[in-house]
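K.L.:
Sequence:
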Amino acid sequence: MILCCGEALIDMIPAPVAGGVATMDGAEAQTGFVPHCGGAVFNTAIALGRLGQETGLFTGLSRDLFGQQLAAALTASHVDHGFAERSDQPSTLAFVHLRDGHAEYHFFDENSAGASLRPDRLPELSEDVETLFFGGISLCNGAAAETYATLAARERGRRIIMIDPNVRAGFAKDEVAYRSRLAAMVAGAGIVKVSDEDLHWIYPGDAPIEEKIRQVLTGETGRGPGLVILTLGSKGAKGFLRSGPTVEVPAQMAVVADTVGAGDTFNAGFLAAASEAGVLADAARGEMDPEQLRACLGYGARAAAVTVSRPGANPPWRGELEG
1 MILCCGEALI DMIPAPVAGG VATMDGAEAQ TGFVPHCGGA VFNTAIALGR
51 LGQETGLFTG LSRDLFGQQL AAALTASHVD HGFAERSDQP STLAFVHLRD
101 GHAEYHFFDE NSAGASLRPD RLPELSEDVE TLFFGGISLC NGAAAETYAT
151 LAARERGRRI IMIDPNVRAG FAKDEVAYRS RLAAMVAGAG IVKVSDEDLH
201 WIYPGDAPIE EKIRQVLTGE TGRGPGLVIL TLGSKGAKGF LRSGPTVEVP
251 AQMAVVADTV GAGDTFNAGF LAAASEAGVL ADAARGEMDP EQLRACLGYG
301 ARAAAVTVSR PGANPPWRGE LEG
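For what it's worth, full-length UniProt numbering labels the leading residue of the sequence shown as 1, then goes sequentially.
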């Protein structure tokens with residue numbers, strides 16, 4: 001099983017409102033918001049389930065109407081949410097503003113179910129949980145972020161760990177703590193996926209991007225993750241193995257509706273392909289065959305292309321990628 005560890009929230013997506021809604025100045029607003037299930041880690045779990053992987057989600061899940069909506073979506077995509085900690089705290093809401101197809105977020109997370117996790121309430125994991133995936137805004141703040149970091153530290157060396165920092169610096173209340181947390185989790189992971197924006201935030205300065213990648217691979221102790229994946233949007237993705245080889249794949253052609261969930265789906269596609277090929281452990285050690293890496297990155301790119309071709313985070317089912 002691949003256990004995804006992180007946020008499950010409601011994306012409030014803008015949508016036209018029939019007839020408009022009166023505003024305080026007497027004008028009519030033509031846009032409202034429709035609740036959609038989301039969250040970076042939630043999206044990755046959904047995509048993994050749809051791609052046929054045995055998948056679970058560890059998160060804080062509310063018993064409110066939105067929490068019920070999230071649970072139903074997980075079940076529909078064959079994701080086990082029995083690992084989730086249920087509470088009566090409200091669900092996190094993320095209001096989305098789309099600008100030229102790219103999503104900007106405004107989060108409402110205070111005292112939410114997702115924020116209520118605590119490091120002294122970590123789940124016990126059975127032997128069938130082989131891989132842990134972390135990322136998203138769940139790593140930004142407070143006790144919940146420390147819960148995920150503590151779980152990753154506890155399982156380091158026992159299970160394969162992948163992290164996608166998916167940096168949201170504006171959401172972090174304590175940037176110093178956030179940087180420290182991410183640095184420790186990246187150093188302890190076997191597989192790290194970053195965008196160029198993530199990498200430049202983690203390693204400020206004008207050094208070439210390949211030099212920053214090597215900093216990640218080397219780590220503070222001289223031995224960092226076995227594989228770093230760099231996603232470059234429409235320019236595709238690159239995989240850097242600690243052993244030296246670099247593999248590049250192009251982005252797949254698609255008519256872009258929006259980019260919501262694209263990176264999350266890419267993560268799932270890579271994990272699904274590598275898991276089925278039995279090479280996730282090789283990737284985490286930096287010993288993955290370059291051609292296998294190319295195939296797994298390519299599968300992630302194909303999956304992401306489907307997601308960007310339709311509105312919102314709507315990952316493909318396995319059958320959509322076959323043939």
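Hints are supplied without guarantee of correctness; some may be wrong.
Result set (DMTMM-like, lysine to aspartate or glutamate): computed pairs, CA atoms no more than 20 Å apart in a straight line [what the hints assert, rightly or not]:
#1 K212 - E248
#2 K238 - E287
#3 K173 - E110
#4 K212 - D196
Quick list of the computed label-pair ranges, beta carbon to beta carbon [as the list claims (entries may be wrong)]:
#5 S243 - A183: 19 to 25 Å
#6 A184 - A76: 32 to 38 Å
#7 G319 - Q68: 24 to 30 Å
#8 D289 - E322: 31 to 37 Å
Read the hints as simulated data drawn from the structure, not as lab findings. Model, not experiment: these values are computed from the prediction. Ideal Cβ placement from N, Cα and C applies to all residues, glycine included.
K.L.:
Hint compliance check: list the failing hint numbers for this structure, sorted ascending.
P.N.:
Hint 8 is the one this structure does not satisfy, whereas the remaining hints hold.
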